[in-house]
Amino acid sequence: MRRLLLSISDGRGFDIALVSVPLTFLFMMAGLPLVYNIVMSFQEVDMFSLGTFFRPFVGLKNYATLFSMPETWPILKNTALFVSASIAGQFIIGFGLALFFWTNFPGASWLRGLFLVSWVMPGLVVGAIWNWILSGDFGVLNYLLRESGLITGNIFWRSDPSFSLWAVVIANIWLGISFNMILLSVGLSTIPQDLYEAAELDGANVFQRFFTITLPMMRSTIGAIISLGLIFTLQQFDLFAAITAGGPNNSSNVAQYWAWDLSFRQYDFAQGATISVIMIVFVMIASVVYVRSTRHEVRG
Amino acid sequence: MDIRKLALVGALAVASFSTLWASAKAEDVKITVWSLDRDIQPAPNLIKDFNNLKTGITVEYRQIQFDDVVSEAMRAYSTGQAPDIIAVDNPEHALFSSRGAFLDLTDMIAQSSVIKPANYYPGPLKSVMWKERYFGVPKATNTIAMYYNKDMFRAKGLDPDKPPQTWDELVDTARKLTDPAKNVYGITFSAKANEEGTFQFLPWAQMGGGGYDKINTPGAVKALEIWKTIVDEKLASRDTLTRSQWDSTGTFNSGNAAMAISGPWELDRMVKEAKFDWGVALLPLPEVGSKRSSAMGDFNWAIFSKTQHPKEAFKVLEYFVSQDNRMFKDFGQLPARSDLAIPPTGQPLKDAGLKVFQEQLQYAQPRGPHPAWPKISKAIQDAIQAALTGQMSPKDALDQADQKIKAELG
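If you read the sequences in order, they're chains A and B. Under my numbering, the very last position in the first sequence is 300; numbers go up by exactly one each time. Under my numbering, the very last position in the second sequence is 710; numbers go up by exactly one each time.
I should point out that these hints are in silico values taken from the structure, not numbers from a laboratory. Hints may contain errors.
[To be verified] Cβ-Cβ distance ranges computed for the label pairs, FRET-style:
(1) A/ILE151 <-> B/THR379: 49 to 57 angstroms
(2) B/ASP547 <-> A/VAL117: 21 to 29 angstroms
(3) B/ARG475 <-> A/ALA128: 32 to 40 angstroms
(4) A/ALA17 <-> B/LEU709: 58 to 66 angstroms
[Said to hold, decoys possible] Using 20 angstroms as the maximum straight-line C-alpha spacing, the simulated PhoX-like pairs for lysine-lysine come out as follows:
(5) B/LYS522 <-> B/LYS591
(6) B/LYS704 <-> A/LYS61
(7) B/LYS426 <-> B/LYS591
(8) B/LYS675 <-> A/LYS61
(9) B/LYS575 <-> B/LYS650
(10) B/LYS330 <-> B/LYS611
[To be verified] Reference listing, derived: stretches of chain A covered by chain B, where coverage requires no fewer than 3 residues with Cβ under 8 angstroms from a Cβ of chain B:
(11) 153 to 162
(12) 248 to 259
(13) 262 to 268
The beta-carbon is built from N, C-alpha and C at its ideal position, and this holds for glycine as well.
I would like the entire structure built from these sequences, with the hints used as guidance.
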């Protein structure tokens, strides 16, 4: 008894008590909805049985139906394309800008701060602005492309199935650049300057310094940023709602928007939950990468 | 001693409170109403007037957003917190009636001196029915017809008093009116992948002898082929696939489209914005003499079956209906009734347009009614989009839609 008390006041019991507080909080706030969602994906959910927890279980039927739908694979492919193109674009441009501001010209830090404006803006507002830029007949982007002689006829960014997904990708890249840039700037500033001095004395040129010092030193930051990017782009919903609404003919539809559409526009909550579960798996993988890369950071 | 005194005071207090509460309850029955009407629209104003009448019924109002109507109502219903009265979009009415969520009003309507089914246009009335019983009352109605720019007709040598009557004439006229150099498209409409696309396409399918339950009739396929011709030949902007009706008609108002298919909700804005002579025509037919048809929009009133005060709720509905003659004058909405004459507004273009819409309303067909409407509508939207983007032929797209719909209809 005394031992137990002692362990609670100072020892393993104390640690467990401390850990259990945030764990309970996490479980209540994130765990329960997650479990609820997973349970729902195995049930037959009807809009009038939404309020109860006890609904008929149908096993894997929802998953079977999902994968027999003709639009499933194209939409999953779109999701993969959207995520990889967005992350690549955000990361490369963000990294370029971070390196640019790293040279520390006058006013660099001030300008860098200004870039955050795009990150602060709500997705729906960004979507509305891009809607206007990408508009087919009177869009600014088409005007610029036409005047510079790159295209002859207007591109219908939002209505042409071969461009619609890219319209959202462009907007999403713009939205994510500043976040990538800020995090990468922070990463860059932690690299000790003397490493570069030593390399320069040894005669390493700019590219050698970048690939042998900058990139390896940034490994954990890059890992974290790419997994965060994966999570953020998988969450990107507002832009789809504002720019293409998944259309035309699902050519710009992605899993996250589809899940919403199924649940709240066709009232097929079970199917919506099923897609969410599949997405959870991907986000979990991203989270593991994120946790691993930041753990590395703490140890280093 | 003290405790006994306290108990006595307590008992007295409880007693007096409960009598107070009981008398308050006897005085006023509280009815809650949910709708999407904003402060300048009918519901909140009618409720204010009703409360001023002091009939022993107090109405409380809550505004809900368009997108939330169904989900909020379902959540409220399944948790037992539903309002007494709700305004619901007409294609979704059957979803609730079929589940017993709405109160069957047939007997009350039979005894009512205010609400008479014979006074309503057949389309709106059909949308509140489920299995030959009335589960609501039409709140307002609207439909679509064709606006056209008379000045542009004159400029191209077309007779401004002879708008196209048939589908082929429509395509021909659109070809003549299209002028890429001036940024003018022949026609604008909406094939957006939401309820709006279905709303705009169904009348065409119905005129072609089809309907939501047989969407692949030869006439309906022809209709989709006409749409495809219009988009492929750039007689309408490609953005037709993603633009709402409101935005599409905006391009008509700014002179970038010569014809527009939309509803009476455009009239006020058009009077203000359009700097040209315009008119409204009935929707063109597949051939001269074909059966006319049109879409039917807007909301219905319904009483939830779990209400504590069905009689009082019905009285509130009767009051709303008794004010239908104010709908157009005060709120710019069309009552769903054929027995009410709408007085002229003094705006010649608007009044002429209104006449056409009223005629078109005679042919308005409700979407459904069917409890699985959202899925049926989605199948139709998918077909339209697949055909217009060229991923499927109109015939294949509608065949696929028909299969999906048949599966829902069972």
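So, going through the hints one by one against the coordinates:
no.: 1; hint: A/ILE151 <-> B/THR379: 49 to 57 angstroms; result: holds (54 angstroms)
no.: 2; hint: B/ASP547 <-> A/VAL117: 21 to 29 angstroms; result: holds (27 angstroms)
no.: 3; hint: B/ARG475 <-> A/ALA128: 32 to 40 angstroms; result: holds (34 angstroms)
no.: 4; hint: A/ALA17 <-> B/LEU709: 58 to 66 angstroms; result: holds (59 angstroms)
no.: 5; hint: B/LYS522 <-> B/LYS591; result: holds (15 angstroms)
no.: 6; hint: B/LYS704 <-> A/LYS61; result: holds (18 angstroms)
no.: 7; hint: B/LYS426 <-> B/LYS591; result: holds (19 angstroms)
no.: 8; hint: B/LYS675 <-> A/LYS61; result: holds (19 angstroms)
no.: 9; hint: B/LYS575 <-> B/LYS650; result: holds (14 angstroms)
no.: 10; hint: B/LYS330 <-> B/LYS611; result: holds (12 angstroms)
no.: 11; hint: 153 to 162; result: holds (count 5)
no.: 12; hint: 248 to 259; result: holds (count 4)
no.: 13; hint: 262 to 268; result: holds (count 5)
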